[in-house]
Structures are given as structure tokens and as C-alpha cells.
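**Q** Model the placement of chain A on the given structure of chain L, informed by the hints.
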Amino acid sequence: MAKNKLETDKLIHRILTLASKGGEGHVPSSLSILDIIDTLYEKFITKNKSNKFVLSKGHGCLAFYVVLEKHSIIKNLDTFCSFNSNFGGHPDKNKIKGVESSTGSLGHGFPFACGAALAKKIKNEKGKIFSLIGDGECNEGTIWESLLIASHHNLDNLICIIDKNKSTDRSLKIDDLKNKLISFNWDCFVINGHSKKALLTSISKQKKKPLAIIANTIKGKGVTFMENNPEWHHKKVDKETIKKFELILEK
Amino acid sequence: MRKQFIKTVTNLFKKDKKIVTLLGDIGVFGFRDLFKSYPKRIYNIGILEQSMISMAAGLSNEGMKPIVHTIAPFIVSRAFEQLKIDFGYNKLNGNFVSIGASYDYASLGCTHHCPEDINLMYNIPNMQIVAPGSSEEFDNLFNQSYANKNPTYFRLSDYENEKKFKVRFGRANFIDNKSKITILAVGPVLNFIYPLIYKYNLNLIYLTTIRPFDQNILKKISKKSNSIIIIEPFYSGAIINEIIKLKDINNINIKNVSVPFKFLTNYGTKKQHDDKLGFSIQKIEKIIKKLNKRPI
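Protein chains in written order, with this note's numbering: chain L, 1 to 251; chain A, 1 to 296.
In short, the hints are calculated from the structure, not lab data. Fair warning: there could be bad hints in the mix.
Examples of chain L residues lying across from chain A (beta carbon under 10 Å, computed) [stated by the list, open to error]:
id, residue
1, Lys52
2, Lys97
3, Glu100
4, Gly107
Heads up, the beta-carbon is just placed ideally off N, CA and C, and yes, glycines get one too.
Bound-form chain L, shown alone:
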């Protein structure tokens, strides 16, 4: 556990450093999904080429980038957000290996993932399509359209992980998400989104239906002064921020 925490802190430090250097980045939205992407890459994406990952909430891309870097899938990440960089504030499919679709405008990646899952069915291919969406993203109509599509076509190779970091509570709050998903004929588990074990267990329980995993997460997880603090949603990270984080780690 301690080793895991150390590794995660390293990734968090990398995210802060990149955000500070690039002068850009939705840091708390990345921190809420870091554990999820890290686990998916370690256990599914790098293990089996037929598994694919679509980051629908593209603004969380810093978490995605540092995991891709950790697995040596990408390099030159230090250029983040500089003029000629391959790595911007939202991921570009044609510049970055591992990015299935360029996302950023919300509500695009999840239906895209449904199409990818359907393609696998048509081709009789094995493997799962993982799509990570935000709870704020659940405001978008296409999310609900796609939930209908996926259950209607019985896409039992599709897993939708919902990063429930309470982003949407201040605008359009979505209550009782689990029952909504079940009523759309999906299987659904609610987990602690920072628990690798809980994520793996719920994935292993997918049966003959599309599976939704509501991952309760903390926006800004790991950087205590950012946690659940809306001020930080798109606030600039500077060297002072990094120092403050380092001090917390030393304690």
C-alpha cells in the first residue's frame, strides 16, 4: 500500500509540474481519475491489445498523459501545452499514441466507445471497451442516448466508469444515478473510485450486459488543499503550489 501511495504521489507531482510548466490543465479533474486510469492501464490496456480505453472527459487528460508516460507509450511530455507540443489541454488522437478519440467537448467519447464496442461485436473480436466519463458530463444528452443504445444492442463488452467527483452538484445535480442506470438496463456498481481492488472486483463481475461503475472520487484527490475545492477547477498551478504539495508529502 505504501509503495502504491509513493507511486501515486510521484504521478501527482508530475501532473502538478506539467500544469505549472505548461500554464494549463484541469488538475483536480485529473486527480479524481488518476487511480482509475492507472489501474485500467496496468491491468487491462497494456496487458491485452484488444482492450481499449476512451477518455470521454478529455479535460482530465493530465492523468491520462502521466499514465501513458509511465508505461513509456509517449515521450516529450515536458512540452505540455507549448506551441508545437503533441500534448494539449485536451488529447488529440492524431498526435498521441493511445488516444482513441480526440475529446474535450463533453458527451462525444462515450457514444464513440459504444461504436467501438459494437464494431468488436460485428467482427467477433474479444476485449473490452472502457469509457471514462464525468458526472458533469452526464448533463449531456448524448450520454443518456448512448446508455439506451448500449443496452438495446446488448454491448456486454462495454464498461462505462463514471467519475462521480460531484462536479455537477452546483449546476444540474443528478440524484440516484445508480437507479437511473439500472432502469436503463445496465448493471451497475458503486465503488470507492480510489480503490484499485474495488475497481478490479466490479470489472470482474461484468455479465451479459453493459456495465456501469459509479466511482465515488474526490476532486483534487491527493493534494489536500485542492480536494473538493471548486476554486481549483481550472486555477493555475505555480511553483508555490508544488512546494506546498511537497511539504504535505514530507509530513
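**A** Just chain A now, kept in the frame of chain L:
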């Protein structure tokens, strides 16, 4: 062209196992045989165009060749951002076949009109745009382009040209009568002008692919003509933008007959709209006569 679309797709389904068709609850009965023969490759996705387009992009990313079909405004206007990002920005192959054109559904009103489609699609930099004038032309153009790497928009209409051209994707057809006046006609508008081409010995550029635009023919014609009349059955913009790329544009007088930038709140028939908007032999002949009077 609708029937031809079904025929063309049916023929291709047998040859190309990667084709998959998504319908937005439109044209479903017409495709009934394909639903029976290939239930895994044709879907009536439902009335949710945005998701249907994104989903098609996901299919394309996995190596399938998607064909998406519904009425023009519901593909182009409603799902524009999905076309722009999921196909344009992602650089994925996909074929979007619309029906209804600008106002084929005249009596259904403005919600079902789509004179904006060509301009909207033109604003997606890598979107290929095809406006066939007849069923045969659609069949040729679709076969020549559906599998290339780009997204492509096909604008179908229920109204066809009587004169059929042998067309090639990305190439304009050209009748050179050494005239000072050139008609540039796009898609199914030849019935309004073809008789005039011979009566007045005019040049004709007949365009069925709008992007990639055939600049070569324009270069040839611009040396001989001092006037171009564009006959475009949609909002103007895309074609003019190609023409202004010509070097000696200053010496050319440009007229156009297009759908005016307003909501067409009348109902009735397509022909009634055509007559009112200037898509008729009589009204186009008036423009030619005026130009003929101009000193050369």
C-alpha cells in the same frame, strides 16, 4: 436518388464486409432486405443523431466503413459538432448520406429544410462534399469515394437532372462552347439551364464534387470567360470561396442563383419554391440576356 442509394449500398454490402450502415429511423423500409441478409451490419439506431454520428466514428476507428443516413438537417445541423470533431478532427473515414436537400420537403416547413448543409460541411476542413445530379451519378461518385480515408457528405435529392453526365469524384464536367459566359451548375439544377447552354452557346462547368474542388477547370475557363453564373441550389458561400482563389478574378463578372439567406416559410411544392427563388429557365435566361448585352 433514394432508391439508387439503397441499390448502391446493397451492392457494396456483398463486396465489402467492412461497410456498416446506421439509419436514423429514416429509410428503414427501403433497406428491409439488407436487414434480413446482414443483421449485424445494418442498424436502425433511432432518433438520436448526435450519438449516431459519434458511434459511427467509433465503428470507423475499429476499421469499419460507416454509412449514416437520415434527413439533411438532422445529420448536418443537429450533429454538426460530432461531424466536426469525431470525424473531421479525428480524421476518420465515414459517409453521411442525406435526403431532402434544401427544400424537397417543401410542405413540411423550415425544420425539414437544409439549405445550410453545404456551407456547414464546408467548414469542416477535411470533409469531402458531393452533390450528385442523378441516381447514376450518385452510384459512380459513391463507389469512387466511400472507402477513401476522409469523411464524405453526399447530398441526395428526390429531384434529378434529365441530362446525365459521366462524372468522376473530384472532377468537374466541362462543355466548352468558347463563350464569354460560363454557367457553373452544382448538382440537380441542370433542368433549369441545360436548354439554355445550346440556345446561347454557353460554356458549362458541371460540378458534383464540391470538395475536393476541381480548380483546374476553373483556371481553363477563366481565360476565356468574362462572366460566370453560379447556379447552386443552397445558401451561397462555398463555391464563391473557391472562385475567389482564381488569380484574375477581378476581370470576371460573377452572378449567382442560390437560396437566399432567409427562412422559407411557404409550404406547397419544391417547384413553387424553385420558381419563387429564381430556379427556372425563364429567370436564368433573363440573367443571360442581360449579360449578353454587356459590352465585351
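**Q** Are the hints correct? Go through all of them and say.
**A** To see whether the hints hold, each was checked on the structure:
1. Lys52: holds, 9 Å
2. Lys97: violated, 14 Å
3. Glu100: This interface hint holds because 6 Å falls under the 10 Å limit.
4. Gly107: holds, 8 Å
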